[in-house]
Amino acid sequence: GENVEQHPSTLSVQEGDSAVIKCTYSDSASNYFPWYKQELGKRPQLIIDIRSNVGEKKDQRIAVTLNKTAKHFSLHITETQPEDSAVYFCARIKGGNKLTFGTGTQLKVEL
Amino acid sequence: DTEVTQTPKHLVMGMTNKKSLKCEQHMGHRAMYWYKQKAKKPPELMFVYSYEKLSINESVPSRFSPECPNSSLLNLHLHALQPEDSALYLCASSQDLTEEMSYSNQPQHFGDGTRLSIL
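Going down the list, the protein sequences come from chains A and B.
Number 52 in this note's numbering belongs to position 62 of the first sequence; there are no gaps in the numbering.
Number 1092 in this note's numbering belongs to position 71 of the second sequence; there are no gaps in the numbering.
Hints may be right or wrong, so weigh each one.
What the hints assert, rightly or not - Only part of the chain B face toward chain A is listed, based on derived beta-carbon distances under 7 Å:
| no. | residue |
| --- | --- |
| 1 | A1052 |
| 2 | A1060 |
| 3 | P1063 |
| 4 | P1128 |
| 5 | Q1129 |
| 6 | F1131 |
| 7 | D1133 |
| 8 | G1134 |
| 9 | S1138 |
Stated by the list, open to error - Below, simulated PhoX-like cross-link-like pairs (lysine-lysine); rule was C-alpha separation at most 25 Å, straight line:
| no. | chain 1 | residue 1 | chain 2 | residue 2 |
| --- | --- | --- | --- | --- |
| 10 | B | K1040 | A | K58 |
| 11 | B | K1061 | A | K32 |
| 12 | A | K98 | A | K12 |
| 13 | A | K88 | B | K1062 |
| 14 | A | K12 | A | K48 |
| 15 | A | K61 | A | K32 |
| 16 | B | K1059 | B | K1030 |
| 17 | A | K88 | B | K1043 |
| 18 | B | K1074 | A | K88 |
| 19 | B | K1061 | A | K88 |
| 20 | A | K12 | A | K84 |
| 21 | B | K1061 | A | K98 |
| 22 | B | K1030 | B | K1043 |
| 23 | B | K1030 | B | K1057 |
| 24 | B | K1074 | A | K84 |
| 25 | B | K1039 | A | K98 |
| 26 | B | K1061 | B | K1074 |
| 27 | B | K1062 | A | K32 |
| 28 | A | K61 | A | K84 |
| 29 | A | K12 | B | K1062 |
| 30 | A | K98 | B | K1043 |
| 31 | B | K1059 | A | K32 |
| 32 | B | K1057 | A | K88 |
| 33 | B | K1043 | A | K12 |
| 34 | A | K58 | A | K98 |
| 35 | A | K61 | A | K12 |
| 36 | A | K98 | A | K88 |
| 37 | A | K88 | B | K1039 |
| 38 | A | K32 | B | K1043 |
| 39 | A | K84 | B | K1057 |
| 40 | A | K84 | A | K98 |
Since the hints were made in silico from the structure, they are not lab data.
Ideal Cβ placement from N, Cα and C applies to all residues, glycine included.
All chains, please: the whole structure from these sequences, using the hints.
See below:
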């Protein structure tokens, strides 16, 4: 029960549209859920995170929702821009410092 | 700019060489990590140091040897690596709270990585 499933693996949207990436986990003890953006050849960059006592969090064009009952969480990007193109990883920690990543989503924002 | 600094950025080495990867942070973080990332895959945890002590080893082969000389530095010593060890090696750090304060689950901040190629 340590895997994190992430969908879709690739996502192509038109500039200005919204993008949604979904992740599911199986361990109910998971209590911290960060999202990372990784551009080609660069480091994973933390873009938003949410803790298990919160259902939703928003930061400008980025929002994350968490459904603890269903064990899934989602990243929402509104008004997408070409610079949003990257690989996005969801992740979770159930305790301590061990971070488990999802399989990644390649987002492409087309002009 | 990244606050976790890794050197070198690129490293090419033969299977018989000994080399070291270095990581440094000055954010006062007391937890530091090594991850391995293959192309088109997520980072995979290798080691976790908490308060300069090794707390997690994800069954990493002994040809990888971590070291935490002080709270700001983390090294990864490499010896007799295999071609399949070629990857991006990422260092990360986070705040860490004592057990009395319960596990913290603090954000992890990554360095730019070392691109390692084994000939």
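Now for the hints, and whether the structure bears them out:
For A1052(B), the interface hint holds, the least distance from its beta-carbon to any beta-carbon of chain A being 5 Å, beneath 7 Å. A hinted interface residue such as A1060(B) counts as satisfied when its beta carbon comes closer than 7 Å to some beta carbon of chain A; here the least separation is about 10 Å, so the hint is violated. For P1063(B), the interface hint holds, the least distance from its beta-carbon to any beta-carbon of chain A being 4 Å, beneath 7 Å. Contact between P1128(B) and chain A, as hinted, is supported at the beta carbon level, the nearest pair being about 5 Å apart and thus within 7 Å.
A hinted interface residue such as Q1129(B) counts as satisfied when its beta carbon comes closer than 7 Å to some beta carbon of chain A; here the least separation is about 6 Å, so the hint holds. Taking 7 Å as the C-beta contact cut-off toward chain A, the hint placing F1131(B) at the interface holds, the least distance being around 4 Å. Given hint, D1133(B) at the interface with chain A, holds; its Cβ is 5 Å from that chain's nearest Cβ, closer than 7 Å. For G1134(B), the shortest C-beta to C-beta distance to chain A is roughly 6 Å, which falls under 7 Å, so the interface hint holds.
For S1138(B), the shortest C-beta to C-beta distance to chain A is roughly 14 Å, which exceeds 7 Å, and the interface hint is violated. As the CA atoms of K1040(B) and K58(A) are separated by approximately 44 Å, the hinted pair breaks the 25 Å bound. With a C-alpha separation of about 13 Å, the suggested pair K1061(B) and K32(A) falls inside the 25 Å cut-off, and the hint holds. Among the hinted pairs, K98(A) with K12(A) is consistent with the structure: their alpha-carbon atoms are about 16 Å apart, no more than 25 Å.
Of the supplied pair hints, the one linking K88(A) and K1062(B) holds, its CA atoms being roughly 18 Å apart against a limit of 25 Å. Annotation: proposed proximity of K12(A) to K48(A) holds, straight-line Cα distance about 16 Å (limit 25 Å). A distance of roughly 30 Å separates the Cα atoms of K61(A) and K32(A); the hinted pair therefore is violated under the 25 Å criterion. About 16 Å separates the Cα atoms of K1059(B) and K1030(B), which keeps this hinted pair within 25 Å; it holds.
With a CA separation close to 21 Å, the supplied pair K88(A) and K1043(B) stays within the 25 Å bound. At most 25 Å may separate the alpha-carbon atoms for a hinted pair to count; K1074(B) and K88(A) meet this at roughly 15 Å. About 21 Å separates the Cα atoms of K1061(B) and K88(A), which keeps this hinted pair within 25 Å; it holds. At roughly 18 Å between alpha-carbon atoms, K12(A) and K84(A) fall within 25 Å of each other, so this suggested pair holds.
A hinted pair counts as satisfied when its Cα atoms are at most 25 Å apart, and K1061(B) with K98(A) qualifies at roughly 15 Å. Of the pairs offered as hints, the one joining K1030(B) and K1043(B) holds, with about 10 Å between alpha carbons and a cut-off of 25 Å not exceeded. Proposed proximity of K1030(B) and K1057(B) is supported: the alpha carbons are some 14 Å apart, at most 25 Å. For the hint linking K1074(B) to K84(A), the alpha-carbon distance of about 21 Å falls within 25 Å, and the restraint holds.
With a C-alpha separation of about 40 Å, the suggested pairing of K1039(B) with K98(A) is violated against the 25 Å cut-off. The suggested pairing of K1061(B) with K1074(B) is violated, with an alpha-carbon distance near 31 Å, which exceeds 25 Å. Proposed proximity of K1062(B) and K32(A) is supported: the alpha carbons are some 14 Å apart, at most 25 Å. Of the supplied pair hints, the one linking K61(A) and K84(A) holds, its CA atoms being roughly 12 Å apart against a limit of 25 Å.
In summary, the hint linking K12(A) to K1062(B) is supported, as the alpha carbons are separated by about 17 Å, within the 25 Å threshold. With a C-alpha separation of about 33 Å, the suggested pairing of K98(A) with K1043(B) is violated against the 25 Å cut-off. The straight-line distance between the Cα atoms of K1059(B) and K32(A) is roughly 13 Å, inside the 25 Å bound, and the hint therefore holds. About 14 Å separates the Cα atoms of K1057(B) and K88(A), which keeps this hinted pair within 25 Å; it holds.
Between K1043(B) and K12(A), the direct Cα distance comes to roughly 35 Å. Violation of the 25 Å bound is thereby established for this hinted pair. For the proposed pair K58(A) and K98(A), the alpha carbon gap of about 29 Å is over 25 Å, so the pair is violated. Proposed proximity of K61(A) and K12(A) is supported: the alpha carbons are some 11 Å apart, at most 25 Å. Under the criterion of a C-alpha separation no larger than 25 Å, the hint pairing K98(A) with K88(A) is inconsistent with the structure, at around 29 Å.
With a C-alpha separation of about 28 Å, the suggested pairing of K88(A) with K1039(B) is violated against the 25 Å cut-off. Only pairs whose Cα atoms come within 25 Å are accepted, and K32(A) paired with K1043(B) is accepted, the gap being roughly 17 Å. For the suggested pair K84(A) and K1057(B), the alpha carbons sit about 21 Å apart, so the restraint of at most 25 Å is met. With a C-alpha separation of about 31 Å, the suggested pairing of K84(A) with K98(A) is violated against the 25 Å cut-off.
Going down the numbered hints, you'll see the structure goes against 2, 9, 10, 15, 25, 26, 30, 33, 34, 36, 37, 40, while the others check out.
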